[in-house]
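Participant: These are the residues of each chain, in order.
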Amino acid sequence: MDLIAHGLCEAGRLIASGDALVFAAAGRSLAISVAAVLVAGALAVPLGVFLADKAFPGRALLVLTLRGGMGMPTVLVGLLGFALFSRRGPLGGLDLLYTPEAVAICETLLAFPIVVSWTHAAVSGLDPRYAETSRTLGARSLRRRWTLAKEVRLSLVLALLTAFARCFSELGIAMMVGGNIKHRTRTLATATALETSRGEFARGLAMSLILLVIALLVALVAAALTRVREREAR
Amino acid sequence: MKIHWPKGAVPGRVVVVCGVLCLVLTMACGAADPKGRAVLRLATTTSTRDSGLLEVLVPLFEDQEHCRVDVVAVGTGAALRLGEGGDAEAVLVHAEAAELQFMDSGFGVRREPVMYNRFVLLGPPDDPAHVARLRAASALRRIAEGRFRFVSRGDDSGTHKREQYFWEQVGGRPRWPDYVESGRGMGATLIMADELDAYVLSDEGTWRRMAERLSLREIVVEGEEMRNPYSVMVVAPDRTGRDRRLADLFADFLISEKAQRLIQDFTVGGRHLFHPLRLKR
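Protein chains in written order, with the working numbering: chain A, 1 to 234; chain B, 1001 to 1281.
Next up, chain B with everything else stripped away, as it sits in the complex (with noise of 0.2 Å):
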């Protein structure tokens, strides 16, 4: 079929307006910011960002240096990710072995450890699987054993990648079939394991965020291994095609006396939940 335009149809004033139009909005929601201030783009966890410790930080900064944070929030493997594209022009994650491999592969040119806060393994108020007073890989083997449900994140994530060392430490994973896989973020997993009465491994801010909400309560929470640093990285001007000015300026900002001092009294239900790891004492 053919279509004919009638003549006439569309003014050749409306199509240069529209054009006009297309392009003025192109322009302010690219890079550039209105004010004309630099713009930084950083790739994070949804962690940081749901916690809200982000929006204490990062206003602060952008103050300080006259600048737009644009954050972008998505798992791990997507903020590396975003970061070896050159999408991003600084990465704040908590994966450390992807971290030394992403700075390794020549995608980040300086990396700062910033914080830590804690996971915590959960599970149904009763704890069928009597795993409480137990470290948590231990835990996980006897959950394991005992074939109680368990609901993994299954998506590369810090959480999952921790949840895998656990595995390994005790052998690998046995397989049964009450060990799901939800391929979601931490608070719909969360909901999950809750919905199904299951052990889950967890960030602690997420748990604090939604606990009143869920059944679940704290099983495992002790023990180094359940630390959950977070860095900050700088990524290779050549990657970003861009200036690694703003980038350090923030790695300088987060690991700062100030910063570092409201990650410490950051709070979530009167629960401290990220320790500084760069503060003088």
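With the rest of the complex left out, here is chain A (with noise of 0.2 Å):
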């Protein structure tokens, strides 16, 4: 319990002191989330709707494949991301191991899954004479799916936070494409690791809580964001 105190103490005064290292590795840990997340969401949204509007053999299967993308272990995304990015690695000649970049790519391959199928789900949950009653109006496949995506947003903010909640709180990419170099790929997690291993604990302590009230309050932002939606769309 002392533990508990000392890290909650250690967190406030991390913020209120504003420590150079962890506000750079909060921004850093948002930043690279934040691109993942969007690349991943304007690659999967379009993806999802379709995997749910337009029926062809194999769907099911590739469906069920992406649901079960969504339990990757981020330690495989980040040895593959290793294996791609290393110097001697089909990609090794980007020079990208060990940079942020490299972490947002592997984080956008984590968050892809994860957009994809709910956004499969969502659409494939509407009521079925959405799209009958669009087709019958006329509307071409493309505008019908656009329909179909803003019927069902709110989902799709849920979809887009969840992703980013797992990008941002992942280890295993950032530690192994990132490297946990200080003032270039240090994340709050890997910083969190890097606290534990070396015996820190409330240091640690204070930076995962940091990171769980980021997470927070981006949640809130996206409720805010929706909400407001909402009301304009009465």
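Hints are computed from structural coordinates only; laboratory data are not their basis. What you are looking at is a predicted structure, and each value in this text was computed from that prediction instead of being measured. It cannot be assumed that every hint is accurate.
Unchecked claim - Derived contacts from chain A toward chain B, CB cut-off under 8 Å, selection only:
hint, residue
1, Y98
2, R140
3, R143
4, L194
Glycine included, every Cβ here is placed at the ideal spot set by N, Cα and C.
Both chains are sitting in their own frames, so use the hints and assemble them into the complex.
Facilitator: Rendered as structure tokens:
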């Protein structure tokens, strides 16, 4: 219990004193995960709607595979990323290993199946009359799918938030591909791991508390945004 | 929203069985050994575990004293913290200054130097800074002056502490952009140095184990200051709330002739890694 109290105090102190390293790590974590989620979202939402709207052979299998992909271990993605970006790997020439960009690319992979699966599930759950109505109204498939996506926007926000939460708190990729380099690729999660291995348990706890607070703030902002949207829609 | 639990959804019997199961599991996972053996919690550094030395020594001790040893391998800093908090009865680490402080603070009641291995300065095969014939501290200075790449553990580990000691020897570490702090274990740091074509200070054990996969080579190995001594410490009973008997026996064991011979004969890839400090000649 002592440790938890200590951690809380330390978290307060770190925030109040504006600890440069912690704030830089937090900013880095945030930038990387937001970039990953935006890229993943731009690709995954259209695919999710498409998968729900259009029947084709092998669709069920694809959906199932993507759902399975939601449980992808971050260490596995990290290892794959390392194999790709390593000097001896196929993309070694890009010199991306141990950069925030490489972490963001791998986290996009992590976020992608989550957003696809959630979008697909949300659109599939819609009353089939939506699609039919817009079809009879003569809406072309692109336009129809846009309508469908708009119909489930709340679920989409939740899908993006879930993906963000996964990316923001993940450790495996940031360690393997980012390398936890001070001033360059250290994120809140890897900083927490470092403090823990150092035996600075209170500091480690403080960092994860800060991580939790930021995740909460992001959820709040998303909630506020969707609320405004809902009101406007009415 | 209110949640309505349907009546009879979870029969009382199930609850009781689950409760008993939880209790049994907790007991099984707790400090007590299912075979009734006494348990020694040993906090140590990853280097002793990763080299495989503990897998030779620990089973022997377990058989000899009919006990079980739970090894927690973490960084030196964390290992000392575990001892300080009373979450381990014995600590086996390599950081002399920190060990002495640990004893002075009353966290430890006995300290026995056991063995040493060596640090090695590794670097790119072509040694761009031309430091191969220097001693470690001067080599580091020249690497800094030439602004060559260097990967540091940056985690307060025994190896990081030694690096900091070398920097102190040459009047402090200059700042340059290619000095990179990995904040990770030795293995991950070696991989990083390999990827970045950088210089790096390593313990010999981890280096030997990984040498085959890396393109780094040994640059500086000589010198008394590259010695890396390990000590075992018995944690004060008022910290752990447990008997110190087993921890004392473990310390006795590590400095016994039998264990010291095993340490001397232990090899990885045909090389001796640890050198006993208590072997009578």
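Participant: Taking the hints in turn, state whether each one holds.
Facilitator: Consistency of the hints with the structure:
At a threshold of 8 Å, the smallest CB-CB gap from A/Y98 to chain B is about 7 Å, leaving the interface hint in force. Among the interface hints, the one on A/R140 is violated; its C-beta lies about 41 Å from the nearest C-beta in chain B, farther than the 8 Å criterion. With its C-beta approaching chain B no nearer than about 37 Å, A/R143 sits outside the 8 Å limit, and its interface hint is violated. Residue-level restraint check for A/L194 holds (minimum Cβ-Cβ distance to chain B is 4 Å; threshold 8 Å).
In the structure shown, a violation is registered for the earlier hints numbered 2 and 3, in ascending order.
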